[in-house]
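Novice: Once you have looked at the hints, place chain B on chain A.
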Amino acid sequence: MVKFLKPGKAVILLQGRFAGRKAVIVRVFEEGTRDRPYGHCLVAGLAKYPKKVIRKDSAKKTAKKSRVKCFIKLVNFTHLMPTRYTLDVDLKDVAAGTDALSTRDKKVAACKAAKARLEERFKTGKNRWFFTKLRF
Amino acid sequence: MVASKKTKKSTDNINNKLQLVMKSGKYTLGYKTVLRTLRNSKSKLVIISNNCPPLRKSEIEYYAMLAKVTVHHFHGNNVDLGTACGKYFRVCCLSIIDPGDSDIIKTTPGDQ
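In order, the protein sequences belong to chains A and B. The first sequence: position 110 = 110 (the working numbering), numbered continuously. The second sequence: position 27 = 27 (the working numbering), numbered continuously.
Chain A extracted, bound-state conformation (with noise of 0.2 angstroms):
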């Protein structure tokens, strides 16, 4: 009775080329829109998880290490697996509107800009369930 879709939440994708990957749900159309009649949300996540970074390493493979390839999509709830962590990051501006899926080049920059403050993220060792992948 308590919704759970929300902004900020980490959910596993379930369909599709990012299937096992985790994202956070940056934006919910909880009716659907003219062209997809279904509940559905704008997700941000990982196409590409940062590698271990372990103490030995020098801060250029640290540098290297932590980099990270980010996707943005448009996912239907039935293809999504909630968990129950969440990550709040602010990804509202980066991924406002649906605007940011509508050319490539809009697209780019969003994943770009998403990509920065998820390495930030990474970075300061906060959400690590997130950043590490799930193994099946």
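Don't read these hints as lab results, they were simulated from the structure. Here a beta-carbon is modelled for each residue, glycine too, at the ideal position from N, C-alpha and C. Please note: incorrect hints may appear among the correct ones.
DSS-like, lysine-lysine: derived pairs with alpha carbons at most 25 angstroms apart [stated by the list, open to error]: (1) A:K3 / B:K26; (2) A:K6 / B:K68; (3) A:K3 / B:K87; (4) B:K42 / A:K6; (5) B:K44 / A:K6; (6) A:K3 / B:K44; (7) B:K87 / B:K26.
Going by beta-carbon spacing under 8 angstroms, a handful of chain B positions derived as facing chain A [what the hints assert, rightly or not]: (8) R39; (9) L66; (10) A67; (11) V69.
Specialist: Chain B only, in chain A's frame:
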């Protein structure tokens, strides 16, 4: 002795309450719609049969935990649950949206 007698009465109670919900309330039957009602927070109670596959059972329980909805494990398999709903098919899980005249929502969490 007394405990088993009590559970027997509880299953009859559940069956009676379910019957009332079927008559007067709103419900959906089946896994896909149960998840849908849990997602859009319309569900008030979820009932799962005892022979539901364990992965599906834990998935429904997880969704219900996120949505803060009680899950009732029915003492019977999907055939029995279908019969309890007055249907001629098997029902593995069902979701009650609006209990109607029944008090199933109020009394079930206490039993379990």
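Novice: Compare the structure with each hint and give your call.
Specialist: Hint check:
1. For a cut-off of 25 angstroms, the pair hint linking K3 of chain A to K26 of chain B stands: about 19 angstroms separates their Cα positions.
2. Between the alpha carbons of K6 of chain A and K68 of chain B the distance comes to roughly 15 angstroms, so the proposed pair stays at or under 25 angstroms and holds.
3. Proximity of K3 of chain A to K87 of chain B is assessed by CA-CA distance (about 30 angstroms); at most 25 angstroms being required, the pair is judged violated.
4. For a cut-off of 25 angstroms, the pair hint linking K42 of chain B to K6 of chain A stands: about 15 angstroms separates their Cα positions.
5. Pair hint K44 of chain B plus K6 of chain A holds up; C-alpha atoms about 19 angstroms apart against a cutoff of 25 angstroms.
6. At roughly 12 angstroms between alpha-carbon atoms, K3 of chain A and K44 of chain B fall within 25 angstroms of each other, so this suggested pair holds.
7. Between K87 of chain B and K26 of chain B, the direct Cα distance comes to roughly 15 angstroms. Compliance with the 25 angstroms bound is thereby established for this hinted pair.
8. For R39 of chain B, the interface hint holds, since its Cβ comes within 8 angstroms of a Cβ in chain A; the closest pair sits about 5 angstroms apart.
9. Hint status for L66 of chain B: holds, given a least beta-carbon distance of 4 angstroms to chain A, under 8 angstroms.
10. Using the Cβ-Cβ criterion of 8 angstroms, the hint placing A67 of chain B at the interface with chain A is satisfied: the shortest such distance is roughly 5 angstroms.
11. Annotation: interface hint on V69 of chain B holds; nearest CB of chain A at approximately 6 angstroms, less than 8 angstroms.
The structure is inconsistent with hint 3 alone, although it conforms to all the rest.
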